[in-house]
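Enquirer: Listed below, chain by chain, are the residues.
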Amino acid sequence: GEDVEQSLFLSVREGDSSVINCTYTDSSSTYLYWYKQEPGAGLQLLTYIFSNMDMKQDQRLTVLLNKKDKHLSLRIADTQTGDSAIYFCAEGTGANNLFFGTGTRLTVIP
Amino acid sequence: SQTIHQWPATLVQPVGSPLSLECTVEGTSNPNLYWYRQAAGRGLQLLFYSVGIGQISSEVPQNLSASRPQDRQFILSSKKLLLSDSGFYLCAWSVGGTSSYEQYFGPGTRLTVT
Chain Z
-11 GEDVEQSLFL SVREGDSSVI NCTYTDSSST YLYWYKQEPG AGLQLLTYIF
39 SNMDMKQDQR LTVLLNKKDK HLSLRIADTQ TGDSAIYFCA EGTGANNLFF
89 GTGTRLTVIP
Chain X
38 SQTIHQWPAT LVQPVGSPLS LECTVEGTSN PNLYWYRQAA GRGLQLLFYS
88 VGIGQISSEV PQNLSASRPQ DRQFILSSKK LLLSDSGFYL CAWSVGGTSS
138 YEQYFGPGTR LTVT
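Line by line, the protein sequences are chains Z and X.
Residues in the first sequence are numbered from -11 upward in steps of one, following the numbering used here.
Residues in the second sequence are numbered from 38 upward in steps of one, following the numbering used here.
It is worth saying that the hints were derived from the structure and are not from the lab.
There's no promise every hint is true.
Stated by the list, open to error - Calculated pairs, SDA-like style, for lysine to any residue (alpha carbon to alpha carbon, straight line, at most 20 Å): (1) Z:24 / X:82; (2) Z:24 / X:42; (3) Z:24 / X:83; (4) Z:44 / Z:27.
Fair warning: this is a prediction, and the values are worked out from it, not measured in the lab.
Working from the sequences, and respecting the hints, build out all of it.
Expert: In structure tokens:
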């Protein structure tokens, strides 16, 4: 089956940039996603990128995709304490065919 | 606007007892529905998905079952809970068909089996 791998933990200081990395194995992915899960809550879509794009920027968020290496990253600029959460990478060909990674717990240190 | 509800929010059940978790979606028709389990350090595991009433696909063999008695209602059940069933259960929906790209998640149910 498809594998989506992430580091489990990341700690950064408030104001620094955070970079969360993800690797996947399915070369037929159409969409690649970043979801955010706040403590005790469900997941919310943060951003997504089409597989034919290299980069997408949305305010403090920058998504980079290296399709050759099957590597996706999420950069959060000027990280705030409210960014502390679990971030899930996901890939798939549509909403009914998504595969999620293990999630990376981001801790922002004041 | 669409909303998704799950209940209960938290549940503590003894081993061997039955389980019923409910998920309902409002504001949309004929959604695709999903049940996931989230265990620590293991990400999201897709358990079941449904494309219509009475249509359930199981992704992993286990102690759980799912049913969709109505268009916007999705139920996760077990006849006898195991300790390994503990986890955070998430229901999600997406627009029916295969053209949508986003799943929308409910708030989750934290199940502890003792």
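Enquirer: Any hints this thing doesn't respect? Which numbers, in order?
Expert: When the structure is compared with the hints, only number 4 turns out to be violated.
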